[in-house]
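Letter by letter, the chains look like this.
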Amino acid sequence: MPEATSALNGREASAGAITLRDAGLVGMITLRGNLASAKLKAAVKKAVGQAVPEVRRMAGGLEGGAGWMSPDELLLVTAHDKAAETVAALSAALKAEHHMAVNVSDARAVITLRGGHAAEVLAKLAPADLDPDLFPVGELRRTRLGQVAAAFWKSDEDTFHVICFRSVADYVFDLLEASAKAGPVGVF
Amino acid sequence: MSTRLAEGGRLIDRSQAVKFTFNGKHFKGFAGDTLASALLANDQMMVGRSFKYHRPRGVVAAGAEEPNALVNLGKGGTFEPNQRATTTEVFDGLAATSQNHWPSLEFDVGAINTYLARFLPAGFYYKMFIHPRPFWKYIYEPFIRQSAGLGKAPKDRDADTYEHFHAFVDVLVIGGGIAGLAAAREAGRAGARVMLIEQTADWGGRAVVDGVKLGGKDAGVWVKDTLQELETMPNVDLRRRTMGAGVYDHGYVLAYERLRDHVPEMDGPRHRLWRIRARRTITATGAIERPLSFAGNDVPGVLLASAVRDYLVNFGVSVGDRTVVVTNNDDAYRTALALHSHGLIVPAIVDARPQGGGELAAAAKAAGIRVANGMAVAVVKGGKRVTGVTLCLQAGEGAPLEEIACDCVAMSGGWSPVVHLWSHCGGKLSWDDDQAMFRPDAGRPPTGADGAPMVIAAGTANGHLATAGAVADGWAAGLAAAKAAGHAGKTGTAPKGEDAAAAAPLPVWLMPQGASYAKRSKAWLDFQNDVKVSDVQLAAQEGFESVEHAKRYTTLGMATDQGKLSNINGLATLSNALNVTIPQVGTTTFRPPYTPISMGAIAGVARDALFQPVRKTPIHDWHEANGADFEPVGQWRRPYAFPRKGESVHDAVMREVKNTRTNVGLLDASTLGKLVVTGPDAGRFLDMLYTNMISTLPVGKCRYGLMCNENGFLIDDGVVARIDEQTWLCHTTTGGAERIHGHMEDWLQCEWWDWKVYVANVTEQFAQIGVVGPKARDVLESLGGMDLSKEALPFMQWADGKIGEFDARVYRISFSGELSYEVAVPASQGRAFWDALLKAGEAHGIMPYGTECLHIMRAEKGFIMIGDETDGTVIPQDLNLGWAISKKKDDYLGKRAQERSHMTDPNRWKLVGLETLDGSVIPDGAYAIGDGVNANGQRNTQGRVTSTYFSPTLGKGIAMGLVLNGPDRMGEVIEFTKGKDVTVKARIVDQVFYDKAGEKQNA
Amino acid sequence: MLTLECPYCGVQADETELSPGGEAHLKRFGPGSDIDDFEGYLFMRENPKGVHFERWRHAYGCGKWFLAARDTATLEVFGTYPAQTTEPPQALREAISAKRPGWRWRDFA
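Chains as they are written, first to last, in this note's numbering: chain A, 1 to 188; chain B, 189 to 1191; chain C, 1192 to 1300.
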């Protein structure tokens, strides 16, 4: 196999209580279809071990996850080297249904943001309400960070996974790092 | 003189001295001082010069409304002009300088203007600098520029950092006085998410300074108790040094937090801009005292009565030893009583009201202070400092009755509620005749997304000037806001405030009421911009009757303080001059921010590398390391060329073209948009999107397609590949991926929502590399893998396979006219693949090439470029692309529009090639000169250049252009503009300059 | 700056997360259509002071287009609804009528 590198190539940073880490190569699949269909539910379960999530939720996580992206779109998360075969398996399972499964693993970057005030780091950049009472663990939000589109989900009280397009991975990492370095705000 | 008293000052810590400088002089202050209080403590009364007449200016207020005490702060990377001394907390090492004077504050040449004042009335500049017109640019403008502006713009980069924060609250309370505190506590008790912000460093507002009673307690104790309760509430966020800057639609509020202006050595951002969404906003922003308009009210030593009290109570500073209090209301008596109790002299309280004041007046008299009812200040004596006042009757025209020696005048013209934030988003005001002020009209509030009032004014800001009303109003506002935000938890009872019985104020807009012109032209309204009562009267006389016109004509309220002290007095003066009521005149528009905020706070982290996103391909790092000269294409950075050491960019481009045409070149084409379109109706859908037939494209083949909008104009182009029975991959232009993806989703979601089609943008999933040139196949074959022969993969086909060990999808498409393979590999392998190609190509003379080489090669082939040959008004037919428009289709986006008469006009300019007779390059965008002139006397045109280059392949300038009846005029020579009176002759030729038969790309 | 609730994902979206798409409920006129109909479809737009129907896309969110009814003068939002319809839902029209009796917008009331 040729050498494969993630957009951020293992970049890490820490600032105060916050650490930022390139999550590395992550398998990601855009699955579009009828989210209510039994076949699709079964195929998703088989592919990533998760049920189709509720609106704005992430089921599972980096080791196998299904995130709600829109009423007809899921983001499936799996191992990077499993993505191609998972796409093939999904396509085979859903052959009879109108659907789309495409490998987008390399189109994106995933950054793990961890630390006591991780939510504040994001709230500096996104017009989203990240109050822990209103943005619980497992919540996924598609929004913008600074000037680019991004999504993030909360995997535990102190940890968020941020997804952005590969081309702006440096920009998003720099944004998060600058916001982390500026320190806590003391809101959450 | 002004001085620090031996004791007192509730906000200062006398055990902590701080050193600072003002105009290089060393001064001492205490922790807790503002720069203004510390300057006054050091008898530095004069702090600046006014804008127009350069008159001496002293501190007049103690808060955000200060118009005079503006200073330059810091130096180098922290230099900032126009900072208010009254809101600047001193710290050890603070360095401030005064503004708007030359050569020094004490002696200023520009002060000559004050003697010329009668020649510099309102509108002077408008009248003076009108004629003659040729003088505008070279004589008047430099002169005006020289004297314009207060502080100087910073020269160095801002050394500080800034940030934003997005907050979502149920109830935002702006103002930490007693009304705001009562509101926040009640909303907090009800269970609402509350944010309470206060612009200064301490809580409690005026109530604490005035020592009023709340619930039987001193205001100071009440404030402390209330804060304690607020601090225990997890649902309440308290922020000091945070100003409510602006209220906008749907509960959006900007607040400006100054995190370390007072402790510059602290780490972290300097300012934080809060972007708040509040279900309800309570503006408990207090009130501002108005000056009185009497002659010499701008002499240093004349202050607002409340400011004199603030300096005394908060900072232990006496502005003068002998203070004459002049007022039209009861509140100023507090100042007299406070001064008296500190052992300072109040020679007289000059009360314009014939009947005088209420309980406070009685207390003053009981204390032995002389109270002169029905009297006024005729004129203030003194130049750089008050030396005395002359008294007269308020009812008369100013005949001097008596002179009193004093070094301070404390004036009070009544109070104006701070209605700015209420008004920003449409809240209306009503005029309160009894208290002579505008107050929020609760019946006409700003409304939010739910149609309900989104702002509630509370306390003094709502017109409740007395303690009892203010605190009860704050409490009620907190309760109402929490309820409106859906929180109706358990709450408490309204706090009870106590007030001395007051007599009604008397509106006094000019002192004395019959003041002569000489007096009126020395009675200041706007201290910073030098607008006097006489100027506003002149404006009215000259017809500037609308308050907005009078404002602009006189510049009243247009200084950095935005008229916080001057607006009401100014419009009352205007109403008198026009003989209409004040509400008929109305106010000027209140606009955010409430006080100026830093540019840094607005930018937040968006500076330097984060100013805007830069999109990078998987091969970007290689480009950077190998000297690429980048150009922006949308947010992408693409290599324009790869100049070598000692080589110019132009030479590099020429070399890249020659090498690609003779050997092989390598292009990073990863930025090209790639959209996957799939589903049972995908073919039908793409037939609607493209002008040509896409549904009939066989699997494995590629077709060049054009996309138009419903106006018929060309919006994008690219090669479409049929992947399988239901799936197509559509290439878009580099800048077009997101736009075209959105365009597709729009039509799928909003027009043909029953069609079964899914689209995904997979642009960044792939690194796409063009291997281009006669030796392209040799390079790829040397890596081993799939069959790339002409037979296995002919022109305009694609195939999946392996190249070396890379998973590749290979498109045989060409934008250069050469043998060309565009190879897509997973982005994670993009860099490795690029390296492998460079290595494999070494023996074949491979060189990377940039976008300029790409553009030249495509122009040599006569290929169009979206954005060059198109500009949003060009249809495919103009570009001789009729072959790419299906005649078989009933419909496609833009088809109906292209049937319009203007689109089918035979005289539309059409695309041709152009060759200069002398081999030179025609300037980009040059027009072809036609016969005669148009209605405006300008020469007629008959075409324009859309792309123009020096072609190293042909060794001469080539161009494409849109020309009237161009395709019918082959061989004809026309002239293009090349500069003033210079033209260049060019022959109309076929647009394909290179390999018209296509032998090379088909090889 | 407006906020509009995305009817698909329930997010109270900030205006900076949305992109505007102009007037809602346009009827497309294609080839063969009358020139006046086509002109109306392409160019003629309502410009009301009051009730208005617009297209918005939750561009930084779920990517879906939706429609919004709001008052252009007060910015009150009456409701948002999915774009897959040729007319405003009856319930929304009634809700608008309750707040703006006698409103009329194109052929809807």
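Take the hints with a grain of salt, since some may be wrong.
As the list claims (entries may be wrong) - Pairs of lysine-lysine, DSSO-like flavour, derived with a Cα cap of 27 Å:
1. B:K616 / C:K1290
2. B:K1083 / A:K46
3. B:K671 / C:K1290
4. B:K616 / B:K671
5. B:K944 / C:K1218
6. B:K616 / C:K1240
7. A:K45 / B:K846
8. A:K41 / B:K1188
9. A:K39 / B:K944
10. B:K1075 / C:K1218
11. B:K1188 / B:K846
12. A:K95 / B:K616
13. A:K181 / B:K263
14. B:K1083 / C:K1290
15. A:K82 / B:K846
16. B:K263 / A:K95
Hints listed in this document are in silico derivations from the structure and should not be mistaken for laboratory results.
Hint check results:
Our distance criterion of 27 Å between C-alpha atoms is met by K616 of chain B and K1290 of chain C, whose separation comes to about 21 Å. Taken as a hint, the K1083 of chain B and K46 of chain A pair is broken in the structure, with Cα atoms around 46 Å apart against an allowance of 27 Å. A hinted pair counts as satisfied when its Cα atoms are at most 27 Å apart, and K671 of chain B with K1290 of chain C qualifies at roughly 22 Å. A C-alpha spacing of about 23 Å is found between K616 of chain B and K671 of chain B, which places the hinted pair at or below 27 Å, so the restraint holds.
Restraint check for K944 of chain B and K1218 of chain C: the C-alpha separation of about 21 Å stays at or below 27 Å, so the hint holds. Restraint check: the Cα-Cα separation between K616 of chain B and K1240 of chain C comes to about 19 Å, which is no more than 27 Å; the hinted pair holds. For the given pair, K45 of chain A sits about 56 Å from K846 of chain B by alpha-carbon distance, which is inconsistent with the 27 Å threshold. A C-alpha spacing of about 51 Å is found between K41 of chain A and K1188 of chain B, which places the hinted pair above 27 Å, so the restraint is violated.
Note on K39 of chain A and K944 of chain B: the hinted pairing holds, with a Cα-Cα distance of about 18 Å set against a maximum of 27 Å. Proposed proximity of K1075 of chain B and K1218 of chain C is supported: the alpha carbons are some 25 Å apart, at most 27 Å. Proximity of K1188 of chain B to K846 of chain B is assessed by CA-CA distance (about 15 Å); at most 27 Å being required, the pair is judged to hold. Between the alpha carbons of K95 of chain A and K616 of chain B the distance comes to roughly 63 Å, so the proposed pair goes past 27 Å and is violated.
With a C-alpha separation of about 25 Å, the suggested pairing of K181 of chain A with K263 of chain B holds against the 27 Å cut-off. The straight-line distance between the Cα atoms of K1083 of chain B and K1290 of chain C is roughly 42 Å, outside the 27 Å bound, and the hint therefore fails. Taking the CA atoms of K82 of chain A and K846 of chain B, the gap is near 44 Å; set against the 27 Å cutoff, the hint is violated. Distance hint between K263 of chain B and K95 of chain A is unfulfilled; the C-alpha atoms sit about 69 Å from each other, more than 27 Å.
Hint compliance for this structure: hints 2, 7, 8, 12, 14, 15, 16 are not met, and every other hint is.
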